[in-house]
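Novice: Residues per chain, in single letters:
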Amino acid sequence: MIDTNRMSEMKRLTTPLALAALILAGPAFAKGDIDAGKAKAVPCQACHGADGNAGIDPQYPRLAGQYADYLARALHEYKTGERKNPIMSGFATTLSEKDIEDLSAYFASLPGSKLTDLHGHIEGE
Amino acid sequence: MTRALLLAIALLIALPCAAAEKGDAEAGKFKVYTCAGCHGIVGWHNAYPNYHVPKIGGQNYDYLVAALNAYKKGERSHPTMRAQGESLSDEDIRDIATYLSGLTPAP
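Residue numbers (this note's numbering), protein chains in the order written: chain W, 1021 to 1145; chain H, 502 to 608.
Among the hints, erroneous ones may be present.
Stated by the list, open to error - Derived BS3-like pairs: lysine-lysine, alpha-carbon spacing no greater than 25 Å straight-line:
#1 W/Lys-1099 with H/Lys-530
#2 H/Lys-574 with W/Lys-1118
#3 H/Lys-532 with W/Lys-1099
#4 W/Lys-1104 with H/Lys-530
Said to hold, decoys possible - Derived coverage of chain W by chain H (criterion: at least 3 residues anywhere in the stretch with Cβ under 8 Å from a Cβ of chain H; other residues may be distant):
#5 1061-1070
#6 1119-1132
What the hints assert, rightly or not - Anything over 10 Å on all C-beta distances counts as not near chain W; from chain H, calculated:
#7 Gly-541
#8 Gln-560
#9 Glu-576
#10 Glu-587
#11 Ser-588
#12 Asp-591
#13 Glu-592
Rather than coming from a laboratory, the hints here were simulated on the basis of the structure.
Note that CB positions come from ideal geometry on N, CA and C, so glycine has one too.
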């Protein structure tokens, strides 16, 4: 015989716990280590600039201040070959999951970003 | 000697012009209307896969042209951006990249 009172009591406890775990785990997994990323970013600087603004050659994108999760996504796509770029796939295949998170956190954190959303830049706004 | 010098000067002037054959920023400003649906909302996320839609204002011109062409040719896999890229002519891409690369963040 199932004790329905106990069951509902358990549900009452586990639901908020599961929710809390989900909320806490989200940012914890997504967050890289900025300092570790800085140490790993030396090879990137040759093309993307020491400040991450790629001011030397416009064929390379500016990374400073870009969204970290977008940068991580791009690195994953280079790694898997979903994005095809001979230079970037060469680098990305050597990166671990942790490297990708750290590098993305570092470039997103850089000051002096020249990037912007299009908010306020569109005709008629 | 003088001829070599003249040639060198001519090249110095001509090369950057050839490289920087950009589009029309005014036309680009009109053509980015569609882009703003996703790239115009601060902190906007893709529905799936879930990540921030990148900031493209102020991005480098050559990179923007390369990225749009890569979407157009299917070398980048994002379905929405591929559809957008396919709808754009080379001139559209140059105009859009010219306008976007000229933007600066709000102070």
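Novice: All the hints need checking, so say for each whether the structure fits it.
Specialist: Results of checking the hints against the structure:
1. W/Lys-1099 with H/Lys-530: The given pair, whose Cα atoms are some 34 Å apart, is violated under the 25 Å limit.
2. H/Lys-574 with W/Lys-1118: Outside the cut-off at roughly 31 Å; violated.
3. H/Lys-532 with W/Lys-1099: Violated, at roughly 32 Å.
4. W/Lys-1104 with H/Lys-530: This hinted pair is violated, its Cα atoms lying about 29 Å apart.
5. 1061-1070: violated (count 0)
6. 1119-1132: Contact hint for the region 1119-1132 of chain W vs chain H: violated, 0 residues under 8 Å.
7. Gly-541: 4 Å, violated
8. Gln-560: Non-interface label fails for H/Gln-560: nearest chain W Cβ at 6 Å, not farther than 10 Å.
9. Glu-576: Not fine: 5 Å to the nearest Cβ puts H/Glu-576 too close to chain W.
10. Glu-587: About 17 Å separates H/Glu-587 from the closest Cβ of chain W, which puts it past 10 Å; holds.
11. Ser-588: 18 Å, holds
12. Asp-591: Holds, because the least Cβ-Cβ distance between H/Asp-591 and chain W comes to about 17 Å, which exceeds 10 Å.
13. Glu-592: 18 Å, holds
Checked against the numbered hints listed earlier, the structure breaks hints 1, 2, 3, 4, 5, 6, 7, 8 and 9; every other hint is satisfied.
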